[in-house]
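Asker: Model the full structure from these sequences, guided by the hints.
Residues 223 to 348 in the working numbering are what the sequence shown spells out, letter by letter.
Just so you know, these hints were derived from the structure itself, not from any lab. Just to be clear, a hint being listed does not mean it is correct.
[Stated by the list, open to error] Computed Cβ-Cβ distance ranges for the label pairs, DEER-style:
no.	residue 1	residue 2	range
1	N326	R295	23 to 31 Å
2	I341	S315	15 to 23 Å
3	S315	Y231	34 to 42 Å
4	E225	S309	35 to 43 Å
5	S309	G227	17 to 25 Å
6	I228	Q322	18 to 26 Å
7	Y231	N344	22 to 30 Å
We treat Cβ as the ideally placed atom computed from N, Cα and C, and that holds for glycine.
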Amino acid sequence: MSESGIPEYSAAVIGLGWMGMLYDLALRVPDRFDIDDAERPTPSLDIHRAFYHHDHPGDSGLPTSYAEAFWNRSEINLIAGVDRDKSRLQAFSERYSIQQLYTNAVEMLSQVQPDIVAICTNTGQI
Numbered sequence: 223m224s225e226s227g228i229p230e231y232s233a234a235v236i237g238l239g240w241m242g243m244l245y246d247l248a249l250r251v252p253d254r255f256d257i258d259d260a261e262r263p264t265p266s267l268d269i270h271r272a273f274y275h276h277d278h279p280g281d282s283g284l285p286t287s288y289a290e291a292f293w294n295r296s297e298i299n300l301i302a303g304v305d306r307d308k309s310r311l312q313a314f315s316e317r318y319s320i321q322q323l324y325t326n327a328v329e330m331l332s333q334v335q336p337d338i339v340a341i342c343t344n345t346g347q348i
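Answerer: Below, the structure is given as structure tokens:
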């Protein structure tokens, strides 16, 4: 619990694709790819982006990815990320100053043991 009396929770994101992180850092790409491809196409990312771009209806200014939503909550400490794509892990680390990066979800869960986990990937891939 924090000094203000607000409970604190640790969180991790498994899968740093669109729902995990990319929605708030890049424009959508129409390309399709094989789910088993660890080297999926990643659009150009702006890790310093301070606004949210919406190409679809929604509330402007609200986070649209789990990483950004966790990051914006004062009672949640974003502590780890998991993805097979090392470029996405690097962007996650640079954006959120997170050093606990993993390519294996089971390894992260056993080492970090976060209170909250957003699973943003095909569960057959974790």
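Asker: Mind listing which of the numbered hints don't hold for this structure, in increasing order?
Answerer: 3 and 5
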